[in-house]
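Taken in order, these protein sequences are the chains called A, B and C. For the first sequence, the positions run 23 to 217 when this note's numbering is used. For the second sequence, the positions run 23 to 217 when this note's numbering is used. For the third sequence, the positions run 23 to 217 when this note's numbering is used.
A couple of the hints might just be wrong.
As the list claims (entries may be wrong) - Incomplete in silico selection of chain A near chain C, CB under 7 Å:
id : residue
1  : Ile66
2  : Asn67
3  : Pro130
4  : Ala166
5  : Thr167
Claimed, not checked - Non-contacting residues of chain C with respect to chain A, defined by C-beta distances greater than 12 Å in every case (computed):
id : residue
6  : Met23
7  : Pro101
8  : Ser102
9  : Asp109
10 : Ala179
11 : Lys181
12 : Ile191
13 : Leu192
14 : Leu199
15 : Ser204
16 : Arg207
17 : Leu211
Keep in mind that the hints were calculated from the coordinates and are not lab data. Note that the Cβ used here is the ideal one computed from N, Cα and C, for glycine as well.
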Amino acid sequence: MAGIAVFALEGALAAIEGNLDFFGVMVLSFATALGGGVIRDLLINATPPIAIRDWRYSAVAFAAGGTGFLFYDTAAHIPSGLLLTLDAAGLALFAVAGTEKALDYKIPPFIAMLMGTITGAGGGTVRDMFLNQVPMVLRADVYATAALAGAAVVVGARKLRLPGAVASILGGVVCFLLRMISVWRHWNLPRVGLP
Amino acid sequence: MAGIAVFALEGALAAIEGNLDFFGVMVLSFATALGGGVIRDLLINATPPIAIRDWRYSAVAFAAGGTGFLFYDTAAHIPSGLLLTLDAAGLALFAVAGTEKALDYKIPPFIAMLMGTITGAGGGTVRDMFLNQVPMVLRADVYATAALAGAAVVVGARKLRLPGAVASILGGVVCFLLRMISVWRHWNLPRVGLP
Amino acid sequence: MAGIAVFALEGALAAIEGNLDFFGVMVLSFATALGGGVIRDLLINATPPIAIRDWRYSAVAFAAGGTGFLFYDTAAHIPSGLLLTLDAAGLALFAVAGTEKALDYKIPPFIAMLMGTITGAGGGTVRDMFLNQVPMVLRADVYATAALAGAAVVVGARKLRLPGAVASILGGVVCFLLRMISVWRHWNLPRVGLP
Numbered sequence: 023m024a025g026i027a028v029f030a031l032e033g034a035l036a037a038i039e040g041n042l043d044f045f046g047v048m049v050l051s052f053a054t055a056l057g058g059g060v061i062r063d064l065l066i067n068a069t070p071p072i073a074i075r076d077w078r079y080s081a082v083a084f085a086a087g088g089t090g091f092l093f094y095d096t097a098a099h100i101p102s103g104l105l106l107t108l109d110a111a112g113l114a115l116f117a118v119a120g121t122e123k124a125l126d127y128k129i130p131p132f133i134a135m136l137m138g139t140i141t142g143a144g145g146g147t148v149r150d151m152f153l154n155q156v157p158m159v160l161r162a163d164v165y166a167t168a169a170l171a172g173a174a175v176v177v178g179a180r181k182l183r184l185p186g187a188v189a190s191i192l193g194g195v196v197c198f199l200l201r202m203i204s205v206w207r208h209w210n211l212p213r214v215g216l217p
Numbered sequence: 023m024a025g026i027a028v029f030a031l032e033g034a035l036a037a038i039e040g041n042l043d044f045f046g047v048m049v050l051s052f053a054t055a056l057g058g059g060v061i062r063d064l065l066i067n068a069t070p071p072i073a074i075r076d077w078r079y080s081a082v083a084f085a086a087g088g089t090g091f092l093f094y095d096t097a098a099h100i101p102s103g104l105l106l107t108l109d110a111a112g113l114a115l116f117a118v119a120g121t122e123k124a125l126d127y128k129i130p131p132f133i134a135m136l137m138g139t140i141t142g143a144g145g146g147t148v149r150d151m152f153l154n155q156v157p158m159v160l161r162a163d164v165y166a167t168a169a170l171a172g173a174a175v176v177v178g179a180r181k182l183r184l185p186g187a188v189a190s191i192l193g194g195v196v197c198f199l200l201r202m203i204s205v206w207r208h209w210n211l212p213r214v215g216l217p
Numbered sequence: 023m024a025g026i027a028v029f030a031l032e033g034a035l036a037a038i039e040g041n042l043d044f045f046g047v048m049v050l051s052f053a054t055a056l057g058g059g060v061i062r063d064l065l066i067n068a069t070p071p072i073a074i075r076d077w078r079y080s081a082v083a084f085a086a087g088g089t090g091f092l093f094y095d096t097a098a099h100i101p102s103g104l105l106l107t108l109d110a111a112g113l114a115l116f117a118v119a120g121t122e123k124a125l126d127y128k129i130p131p132f133i134a135m136l137m138g139t140i141t142g143a144g145g146g147t148v149r150d151m152f153l154n155q156v157p158m159v160l161r162a163d164v165y166a167t168a169a170l171a172g173a174a175v176v177v178g179a180r181k182l183r184l185p186g187a188v189a190s191i192l193g194g195v196v197c198f199l200l201r202m203i204s205v206w207r208h209w210n211l212p213r214v215g216l217p
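Just chain A, same shape as in the assembly (with noise of 0.2 Å):
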């Protein structure tokens, strides 16, 4: 929950930088939040999604999400840093989850590796998307990558036996600090440099 209200208050924020009215800072704080996780449970065939089923994930988007259009001022001053950290830990938690939840459905564990980075990086994408911007995981940052190297570690800690908590926790610490290292040490991913 912690993770949907950081997401849906960076939703928010991406909102009124592009100008929209309420409802579509509602609409980018529930898509951010939860928009990955929607698509994740629309291609494992968990239907309804959680966020459809029971309405409190939404409930906590759009809470998080009025906050910050009520305290934009004070939102937009909050340290980059901090707000970086939430979101690498709110990453870390979406990735953990998203790919237990996909190997629960009986989801291949290297397509469950995937499921996990949409659950992480998926609300990102529709958020961009939404604004009309080619999405940001696909452009620049170890974004992503963390998000696949965190469900990866999940995936190969369950291959080695070790038990579920010990997996979650490793994969989630591995997201974390590439996400945070990544970001310390500017690295991005390597790309076809067209003249």
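We have chain A; now place chains B and C onto it with these hints.
Below, chains B and C without anything else, positioned relative to chain A:
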């Protein structure tokens, strides 16, 4: 079905003004008229969506879109007041029907309101994204909010144990009137004014 | 599987030309090759989609996309005629297979034709939307229309009680030839010419 035709015609006009070809006009007719309902059905697990299970929905959408294509000069001269009124009526129908369908599928009332809103406003959102624009409903006007208000009235009236037909009519009237008044008075939702 | 590889390679090239990073190249390879089939499977309720249930589909897409990334200089010099021909063959395969799968799932024939079209042309549409462009299939060329024609032939041949294999081959040949001729003759669909 009348609502589908109006929405499809509006999708066709937007497609033509976006310089799409005949296939693009047909896709936008379908997406504008039926996209909201398809997304709702996927989310509430009423699958396959009714617009996929029953060919008459898309036939109406394509017929209206094709008419808009063939007789663009006439269609483009439909008085904007008439088109706005028909669109508001379609929005009211879609919002009420979408909310009721979600309730029938045991979706929590709060989420059912969102499903009614998506049914009404989702098609236009998809249309705008195909045309590479930030969706209008996120930016201006009281459109999705009117759908949400109508959906809330349906949910509220049912909670008060009013007969289903009364709940539907009340919800539809509220949505329609709120939409018409907001156009007439040039209402917009609040936004955070960035310098 | 050959069709998946061709579409994935085209997605990778588009991603590289859009200056995406390695993760973006992988996402567009997957989306271009498998996006149409995933959307079809969600719509016809064949869930989880085959590309999620069976890891080999995405493995082929990632392998082809990764090859395009590593050997971009070579891939970018594949003669455009060869790529167009392979793409037309992939389109024909996807359109026929998508139509038949929809019919197997008891989707009405008219809608099954649309599902075949989405299978063939949906991936490229998703790719263009990720790259923040109005999808090419909505604007120019005879592409989705060729898929639709092939799908219609499959449906028609089955109505005439021709053997399934004959229907498939006829549909595939019609789609392939229509696509190739339309490229050669620079055919476009009609549009309403706005001043």
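Hint-by-hint comparison with the structure:
1. Evaluation of the Ile66(A) hint against chain C yields a held restraint, the C-beta minimum of about 6 Å falling below 7 Å.
2. Among the interface hints, the one on Asn67(A) holds; its C-beta lies about 4 Å from the nearest C-beta in chain C, closer than the 7 Å criterion.
3. Given hint, Pro130(A) at the interface with chain C, holds; its Cβ is 4 Å from that chain's nearest Cβ, closer than 7 Å.
4. The beta carbon of Ala166(A) is positioned within 7 Å of a beta carbon in chain C (closest approach about 5 Å), and the interface hint is therefore held.
5. Because the beta carbon of Thr167(A) sits about 5 Å from the nearest beta carbon in chain C, less than 7 Å, this interface hint is met.
6. Separation of Met23(C) from chain A is adequate, the least Cβ-Cβ distance of about 16 Å exceeding the 12 Å criterion.
7. The beta carbon of Pro101(C) is kept farther than 12 Å from every beta carbon of chain A, the shortest such distance being approximately 20 Å.
8. No beta-carbon of chain A comes within 12 Å of the beta-carbon of Ser102(C); the shortest separation is about 18 Å.
9. Every CB of chain A lies more than 12 Å from the CB of Asp109(C), the least distance being 21 Å, so the non-interface label holds.
10. No Cβ of chain A comes within 12 Å of the Cβ of Ala179(C); the nearest lies about 32 Å off, and the non-interface call holds.
11. The beta carbon of Lys181(C) is kept farther than 12 Å from every beta carbon of chain A, the shortest such distance being approximately 32 Å.
12. For Ile191(C), the shortest C-beta to C-beta distance to chain A comes to about 32 Å, beyond the 12 Å cut-off, and the non-interface label holds.
13. Non-interface call for Leu192(C) relative to chain A: holds, since the shortest CB-CB distance, roughly 33 Å, exceeds 12 Å.
14. For Leu199(C), the condition that its CB be more than 12 Å from all CB atoms of chain A holds, with the nearest at approximately 35 Å.
15. Distance check for Ser204(C) against chain A: the nearest CB is about 29 Å away, which clears 12 Å, and the non-interface claim stands.
16. No beta-carbon of chain A is positioned within 12 Å of the beta-carbon of Arg207(C); the least distance is around 32 Å.
17. The claim that Leu211(C) lies off the interface holds: its Cβ sits roughly 26 Å from the closest Cβ of chain A, which is beyond the 12 Å cut-off.
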